[in-house]
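Given these sequences and hints, build the entire structure.
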Amino acid sequence: MNGFSLHRAWAIARKEVMHVLRDPFTLALALGLPVMLVTFFGYAIDFEVRDIKVAVADRDNGPAARRLKEIFSASGYFQVLEAADPVGMLDSRRADAALFIEPGFSRDAQGGRPARAQFVLDGSDNSKGAVMMAYLPGIQRAAAARIYGLEPAFAPLSVETRFLFNPELSSRWFMVPGLAVIIIGLLAILLTAMTVAREWENGSMELLLSTPVRPLEIIIGKLAPYGLLVLTGVFFVYLSARLVFGVPFEGSHLLFLLACLLFITAALSQGLFISVAARQQQVAMQVAIISGLLPSMLLSGFIFPVESMPAFFQYFTMILPPRWFMVAARGIFLKGSGLAELAVPLAALAALSLLLLALALKKFKTDLEP
Amino acid sequence: MFSIRTEGLRKQFGAVKALDGVSFDLSAGLLHGLIGSDGAGKTTTLRLLAGLLRPSAGEVLYYRDGKDSSFAEMRPSLAYMPQQASLYPDLSVGEHLEFFRELYRLDAATFTRRSGELLEITRLDKFRERRAGKLSGGMYKKLGLMCALLQSPSVLLLDEPTNGVDPISRREFWELLYALAAKKILIIVSTAYMDEAERCSRVHLLDRGRLLSSGEPREVLKAAGAASFEEIFIKGGGR
Numbered sequence: 001m002n003g004f005s006l007h008r009a010w011a012i013a014r015k016e017v018m019h020v021l022r023d024p025f026t027l028a029l030a031l032g033l034p035v036m037l038v039t040f041f042g043y044a045i046d047f048e049v050r051d052i053k054v055a056v057a058d059r060d061n062g063p064a065a066r067r068l069k070e071i072f073s074a075s076g077y078f079q080v081l082e083a084a085d086p087v088g089m090l091d092s093r094r095a096d097a098a099l100f101i102e103p104g105f106s107r108d109a110q111g112g113r114p115a116r117a118q119f120v121l122d123g124s125d126n127s128k129g130a131v132m133m134a135y136l137p138g139i140q141r142a143a144a145a146r147i148y149g150l151e152p153a154f155a156p157l158s159v160e161t162r163f164l165f166n167p168e169l170s171s172r173w174f175m176v177p178g179l180a181v182i183i184i185g186l187l188a189i190l191l192t193a194m195t196v197a198r199e200w201e202n203g204s205m206e207l208l209l210s211t212p213v214r215p216l217e218i219i220i221g222k223l224a225p226y227g228l229l230v231l232t233g234v235f236f237v238y239l240s241a242r243l244v245f246g247v248p249f250e251g252s253h254l255l256f257l258l259a260c261l262l263f264i265t266a267a268l269s270q271g272l273f274i275s276v277a278a279r280q281q282q283v284a285m286q287v288a289i290i291s292g293l294l295p296s297m298l299l300s301g302f303i304f305p306v307e308s309m310p311a312f313f314q315y316f317t318m319i320l321p322p323r324w325f326m327v328a329a330r331g332i333f334l335k336g337s338g339l340a341e342l343a344v345p346l347a348a349l350a351a352l353s354l355l356l357l358a359l360a361l362k363k364f365k366t367d368l369e370p
Numbered sequence: 371m372f373s374i375r376t377e378g379l380r381k382q383f384g385a386v387k388a389l390d391g392v393s394f395d396l397s398a399g400l401l402h403g404l405i406g407s408d409g410a411g412k413t414t415t416l417r418l419l420a421g422l423l424r425p426s427a428g429e430v431l432y433y434r435d436g437k438d439s440s441f442a443e444m445r446p447s448l449a450y451m452p453q454q455a456s457l458y459p460d461l462s463v464g465e466h467l468e469f470f471r472e473l474y475r476l477d478a479a480t481f482t483r484r485s486g487e488l489l490e491i492t493r494l495d496k497f498r499e500r501r502a503g504k505l506s507g508g509m510y511k512k513l514g515l516m517c518a519l520l521q522s523p524s525v526l527l528l529d530e531p532t533n534g535v536d537p538i539s540r541r542e543f544w545e546l547l548y549a550l551a552a553k554k555i556l557i558i559v560s561t562a563y564m565d566e567a568e569r570c571s572r573v574h575l576l577d578r579g580r581l582l583s584s585g586e587p588r589e590v591l592k593a594a595g596a597a598s599f600e601e602i603f604i605k606g607g608g609r
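The listed protein sequences derive, respectively, from chains A and B.
The opening position of the first sequence corresponds to residue 1 in my numbering, with each subsequent residue numbered one higher.
The opening position of the second sequence corresponds to residue 371 in my numbering, with each subsequent residue numbered one higher.
No lab work stands behind these hints, which were simulated from the structure alone.
Do not rely on the hints blindly, as some may be mistaken.
DSBU-like mimics (lysine-lysine), calculated; alpha carbons at most 35 Å apart, straight line [as the list claims (entries may be wrong)]:
#, chain 1, residue 1, chain 2, residue 2
1, B, K437, B, K496
2, A, K365, B, K554
3, A, K128, A, K53
4, B, K592, B, K554
5, A, K128, A, K69
6, B, K387, B, K496
7, B, K504, B, K554
8, A, K365, B, K605
9, B, K496, B, K554
10, B, K387, A, K363
11, B, K592, B, K605
12, B, K592, B, K496
13, B, K437, A, K365
14, A, K362, B, K387
15, A, K335, A, K128
16, A, K365, B, K504
17, B, K437, B, K554
18, A, K69, A, K53
Some chain A residues well away from chain B (every beta-carbon gap over 10 Å; in silico) [to be verified]:
#, residue
19, G42
20, A134
21, L208
22, V213
In silico contact screen, one side only, chain B against chain A (beta carbon under 10 Å); selected entries [as the list claims (entries may be wrong)]:
#, residue
23, R417
24, Y450
25, M451
26, D460
27, L473
28, W544
Bear in mind that the values here come from a model prediction, so they are computed numbers and not experimental data.
For each residue, glycine too, the CB sits at the ideal point set by N, CA and C.
Here it is in structure tokens:
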């Protein structure tokens, strides 16, 4: 009589579907929010920096100086502003960098001697500064070619860089699959974090516990419909990634589905665990947002590479499902990674799913003891 | 038929003593009333009987046909209706019955017969499509009772089922309970309404976690030398 019954789990699932269908807020949250957030942040978060304002103090006024300025503006990344007081412009944030070309620059260049100019960066904006530093060698090479007439091939050793998988290094291609991971994870955690807590709060859990229904039946009955709902959300996110942002999809759709299912199960189980432990919707909601958003934003490799974190954090990220799904999603979208390449992330996701599910089950109270 | 006995039942929540050594007999086939004002320990007692709380001391003993039994054995035949709203406001009367049918795993024929009977005696058959959140207080309680009765329990625990219900619905509810009691179901109902004590075949008067007296209503009144149950509580309150 009291063994696991798929029948009862199905009854719980059906009841949950009715709740969702009759609650437009949950439905809109699950289906609309992921697409909206991916589109919104997909446009907003862009690591490429263009139109960097460079205040130039040209105290040389010779042909080589003019050419150097042309090279800066022709790169497409810099906007050259003639300025008498470049430092003042940096101070007032009217410029991001300053370029000083001292008298004698053109003379040295014409004489074949090293011509020196000073480039000053605004170090208070770390991320912009790093990007400018990355652009400078290209400017330097172009200057060598156009001012001194040196061909790039002149250099005894030439390294040609070519970026695989994302040849233009479009940060959107990189960002959108990552954003999808964060938003899907947060949504899954949020949706289930409310469900068990709601039953406790409106008193229905007291009645449920007096029936023959078992915790595992409640947990499975609650996971299944929300899993399906989030999966539908993933489908919409996939469409917007492909159609709105033109992100390529190089891998197998089936493998992506498997990875999604594993990640969604892990996230839903995390939400259930919170719900079971909190027993109050408001507490569950707050814990869900903090635990669903912060680790996945900061420790999943979404923005900061896991490899460059201190050793402790590198190990710590291993218990975070988004860290593994991030590797899988980006790999499948951009690199066409297969099962062999993704065996470790997928196995980790499966293990974490089981662990979180077991924790939720263990924490599930079958009585009303405080 | 099941019967239940409690021995020195105590329940403490932190520093609060909810029950302080309660012993009584809940003999089979009778309609028992747990009578007491708010905070007397009625809900705690029912939750202990339903296995939803564990006693801090003392024990609950279960018997089947006069022989020792256990909670596990009784559980499949137990139905419990909590005091607080515990139904789903967005599900209709019919959907509640369907949901509980699946939890109790009733076959289609049994379900059709049982739900038909219950809808008829509760006169909710015209409201099958109405959502629980839109039912009146009395109808809501009847729906709760129907969900509990769907599996034909032999032990029925009802926590203040008539609380906040209008007098006519209250009378109807008691008529339902009499009909059930006639089927020899062990019914334990808690109430704060003193006039309802006289409707029970046995009463157990609880006051601040202690049992004041226990027995047939008339005997209890006689033994206390009181004209009404209120009087017993007023006397007891001076203890």
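### Task
Please write out, lowest number first, the hints stated earlier that are contradicted by the structure.
1, 6, 8, 12, 21, 22 and 28
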